Amino acid sequence: MELTATTTIRKPVPEVYAFWRHLENLPTFMAHLEEVRTTGDRTSHWVAGGPFGQNVEWDAEIVVETPDEKIVWRSIADADVPNTGTIRFMPAPDGVSTEVHVVLVYDIPGGVVGKAIAKYFGEEPHQQLDDDLRRLKQVVETGEVVRSDGAPWGKRARKEFPQRPAQPLSDSELVKGADE
Amino acid sequence: MRANTWAGRNKVEVRDVPDPKILNKRDAIVRITSTAICGSDLHLVDGYVPTMQEGDVLGHEFMGEVVEVGPGVDPDRLRIGDRVVVPFPIACGACGACAAELYSCCENSNPNAGIAERMFGHPVAGLFGYSHLTGGFAGGQAQYARVPFADVGPLKIESDLTDEQVLFLSDILPTGYMGAEMCDIQSSDVVAVWGAGPVGQFAMDSARVLGAAKVIAIDKEPYRLQMAEQAGHTPVNFEEVDVRSRLLELTGGRGPDKCIDAVGLEATHGSAHIAAYDRLKQAVRLETDRPHALRQAILSCRSGGVVSVIGVYGGLLDKFPAGAWMNRSLTLRTGQCHVQRYMKPLLGRIERGELDPTRIITHRLPLDEAARGFELFKNKQDNCEKVVLKP
Ligand SMILES: NC(=O)c1ccc[n+]([C@@H]2O[C@H](COP(=O)([O-])OP(=O)(O)OC[C@H]3O[C@@H](n4cnc5c(N)ncnc54)[C@H](O)[C@@H]3O)[C@@H](O)[C@H]2O)c1
Ligand SMILES: [Zn+2]
Ligand SMILES: [Zn+2]
Numbered sequence: 001m002e003l004t005a006t007t008t009i010r011k012p013v014p015e016v017y018a019f020w021r022h023l024e025n026l027p028t029f030m031a032h033l034e035e036v037r038t039t040g041d042r043t044s045h046w047v048a049g050g051p052f053g054q055n056v057e058w059d060a061e062i063v064v065e066t067p068d069e070k071i072v073w074r075s076i077a078d079a080d081v082p083n084t085g086t087i088r089f090m091p092a093p094d095g096v097s098t099e100v101h102v103v104l105v106y107d108i109p110g111g112v113v114g115k116a117i118a119k120y121f122g123e124e125p126h127q128q129l130d131d132d133l134r135r136l137k138q139v140v141e142t143g144e145v146v147r148s149d150g151a152p153w154g155k156r157a158r159k160e161f162p163q164r165p166a167q168p169l170s171d172s173e174l175v176k177g178a179d180e
Numbered sequence: 001m002r003a004n005t006w007a008g009r010n011k012v013e014v015r016d017v018p019d020p021k022i023l024n025k026r027d028a029i030v031r032i033t034s035t036a037i038c039g040s041d042l043h044l045v046d047g048y049v050p051t052m053q054e055g056d057v058l059g060h061e062f063m064g065e066v067v068e069v070g071p072g073v074d075p076d077r078l079r080i081g082d083r084v085v086v087p088f089p090i091a092c093g094a095c096g097a098c099a100a101e102l103y104s105c106c107e108n109s110n111p112n113a114g115i116a117e118r119m120f121g122h123p124v125a126g127l128f129g130y131s132h133l134t135g136g137f138a139g140g141q142a143q144y145a146r147v148p149f150a151d152v153g154p155l156k157i158e159s160d161l162t163d164e165q166v167l168f169l170s171d172i173l174p175t176g177y178m179g180a181e182m183c184d185i186q187s188s189d190v191v192a193v194w195g196a197g198p199v200g201q202f203a204m205d206s207a208r209v210l211g212a213a214k215v216i217a218i219d220k221e222p223y224r225l226q227m228a229e230q231a232g233h234t235p236v237n238f239e240e241v242d243v244r245s246r247l248l249e250l251t252g253g254r255g256p257d258k259c260i261d262a263v264g265l266e267a268t269h270g271s272a273h274i275a276a277y278d279r280l281k282q283a284v285r286l287e288t289d290r291p292h293a294l295r296q297a298i299l300s301c302r303s304g305g306v307v308s309v310i311g312v313y314g315g316l317l318d319k320f321p322a323g324a325w326m327n328r329s330l331t332l333r334t335g336q337c338h339v340q341r342y343m344k345p346l347l348g349r350i351e352r353g354e355l356d357p358t359r360i361i362t363h364r365l366p367l368d369e370a371a372r373g374f375e376l377f378k379n380k381q382d383n384c385e386k387v388v389l390k391p
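Going down the list, the protein sequences come from chains C and W. If you're matching positions, the first sequence starts at 1 in this note's numbering and goes up one per residue. If you're matching positions, the second sequence starts at 1 in this note's numbering and goes up one per residue.
FYI, nobody ran anything at the bench for these hints, they're computed from the structure. Some hints here could point you the wrong way.
Result set (BS3-like, lysine-lysine): computed pairs, CA atoms no more than 27 Å apart in a straight line [to be verified]: (1) W:390 with W:378; (2) W:25 with W:344; (3) W:11 with W:319; (4) W:25 with C:176; (5) W:281 with W:319; (6) C:155 with W:25; (7) W:380 with W:281; (8) W:220 with W:344; (9) W:21 with C:176; (10) W:25 with C:11; (11) C:115 with C:155; (12) W:319 with C:155; (13) W:25 with W:156; (14) C:176 with C:155; (15) W:344 with W:156.
Computed far set for chain C versus chain W, every beta-carbon distance over 12 Å [what the hints assert, rightly or not]: (16) 82; (17) 111; (18) 140.
Just so you know, these numbers come straight off a predicted model, no measurement behind them. For every residue, glycine included, the Cβ atom is placed at its ideal position computed from N, Cα and C.
Construct all of the structure, not just a fragment, from the sequences and the given hints.
Structure, rendered in structure tokens:
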């Protein structure tokens, strides 16, 4: 499965590049990621929320790194879902912004696991990556993921509708949401 | 706290809801001192805007006192104790749209941008109390509200102007003004405004302030037309006269140079069978908007003129007079108001006495009587033009 998405961020290329290259930042805006930990110069350990409420973990390495232009990474060893990613950074025509182009390729296994993964991504898997990039833009441009009363949990706000009402949260909802 | 909520189509209900809390670092909590009911609220309550949910707190025109600020709010911009008017579009101040002062198209303030994008092609900003399509933000017909990006939008009021003098800077005064500004008014222009509701009245006043030679008010409610006439505008009652002929008469056969639609998607029509056609199509959702005022504005406008649309449209409409628009070189301009762009300059105009926003207020009610306020405003009872609610 190949997903592509693109966005424009009103910050210079070096700043956007540096934000992404610091891979620990990815879980702040990518919905499925719980954690990314740097383990070496080019290697990292990734933890994602899996289809059965169970985490999926794998190691990855950066295979191409061209500062202010491009990063390519791929999972290594025996990842359950082998995957690769490419991100390209290009100055936008306005002279101040950066265009970000992302391609993710998942090698989805057959059988029950594959089906569960497909289901997890939903009918419109590219929507998730679009939303991830929207949040990347929010974080880089404004400092964090924006929350509303209807969608109070930032990146955890899944695309389901209806949401909770546009009404302030009670203390117990707030506490419950915070530990999830 | 007490808050006015959407309780299903055609029903609002003031109930107890939790107090708002800081959710983002740049949020502020505002204790609301004055709030209002808008024509846009009627579209929401009447069920013409999708993605409303039972329990949604309504209201997007409000002001008050800052009682709490998040750790990320720039203290040079906003502090506890400040008296502020809050603009209805939520805008981050940092994205491309905000940099271009297109605040109601802010690219970062709508957590449900994906849904808005599916409907509109590209997303729109978050708005207070205005469905989940525009973010699912609780509104300001309440005792308190959470205001995101509080160091960007809210306008501090440091003079001793009353709430009623500045409250409408939150929406309808800038909206009416933008409607007139989009017309590029020249001193020889006759400007016709469809709708003598609050937005229309302010569009008329703004057209006058921007130098129009004559301003025409079109509506069917005699008391609203009278209000416009008292402010110096020329009334046309579309239930009593044929609008096109009357406009030709008033402009020496040229047609108005500039036309403003301040009616939006629930327009009514003088001609019963046309009204019934659109009403039915709207009811079965073949068409979501009833565009009588817009059609008439396009057909009436002189060739080469501008049709400026500030009445709200939500979806699809039928029988759009594309031929008239194209063949007669008309310019169509529109938008949810970029309120932040106009607040300071319009505050100046209020201070200098060039605009008097209080002239449209007919009703002042406690927040708990919001349902009655909606009834009065929607059904044009008791000569209702604008309701201010006091929490
Ligand atoms: N663009 C924005 O940012 C913005 C902001 C606020 C409000 N609005 C919109 O502006 C519109 C007006 O708001 P309002 O508060 O004045 O509402 P309102 O309902 O009080 O006013 C609408 C007026 O239009 C009249 N009308 C109905 N059909 C007509 C027709 N065919 N020709 C002429 N007049 C007709 C009604 O009698 C009424 O007086 C609404 O659509 C509202 O959603 C837009
Ligand atoms: Zn309004
Ligand atoms: Zn913005």
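So, going through the hints one by one against the coordinates:
Annotation: proposed proximity of residue 390 (chain W) to residue 378 (chain W) holds, straight-line Cα distance about 19 Å (limit 27 Å). Under the criterion of a C-alpha separation no larger than 27 Å, the hint pairing residue 25 (chain W) with residue 344 (chain W) is consistent with the structure, at around 25 Å. Taking the CA atoms of residue 11 (chain W) and residue 319 (chain W), the gap is near 31 Å; set against the 27 Å cutoff, the hint is violated. Annotation: proposed proximity of residue 25 (chain W) to residue 176 (chain C) holds, straight-line Cα distance about 19 Å (limit 27 Å).
Our distance criterion of 27 Å between C-alpha atoms is met by residue 281 (chain W) and residue 319 (chain W), whose separation comes to about 12 Å. Distance hint between residue 155 (chain C) and residue 25 (chain W) is fulfilled; the C-alpha atoms sit about 16 Å from each other, no more than 27 Å. Of the supplied pair hints, the one linking residue 380 (chain W) and residue 281 (chain W) holds, its CA atoms being roughly 25 Å apart against a limit of 27 Å. Taking the CA atoms of residue 220 (chain W) and residue 344 (chain W), the gap is near 34 Å; set against the 27 Å cutoff, the hint is violated.
Pair hint residue 21 (chain W) plus residue 176 (chain C) holds up; C-alpha atoms about 15 Å apart against a cutoff of 27 Å. With a CA separation close to 20 Å, the supplied pair residue 25 (chain W) and residue 11 (chain C) stays within the 27 Å bound. Taking the CA atoms of residue 115 (chain C) and residue 155 (chain C), the gap is about 24 Å. The hint holds against a cut of 27 Å. Of the supplied pair hints, the one linking residue 319 (chain W) and residue 155 (chain C) is violated, its CA atoms being roughly 41 Å apart against a limit of 27 Å.
Proposed proximity of residue 25 (chain W) and residue 156 (chain W) is supported: the alpha carbons are some 20 Å apart, at most 27 Å. Between the alpha carbons of residue 176 (chain C) and residue 155 (chain C) the distance comes to roughly 16 Å, so the proposed pair stays at or under 27 Å and holds. A C-alpha spacing of about 9 Å is found between residue 344 (chain W) and residue 156 (chain W), which places the hinted pair at or below 27 Å, so the restraint holds. With a cut of 12 Å on Cβ distances, residue 82 (chain C) stays outside the contact zone with chain W, its closest approach being about 28 Å.
The beta carbon of residue 111 (chain C) sits about 31 Å from the closest Cβ of chain W, which is more than 12 Å, so the claim that it is off the interface holds. The beta carbon of residue 140 (chain C) is not kept farther than 12 Å from every beta carbon of chain W, the shortest such distance being approximately 9 Å.
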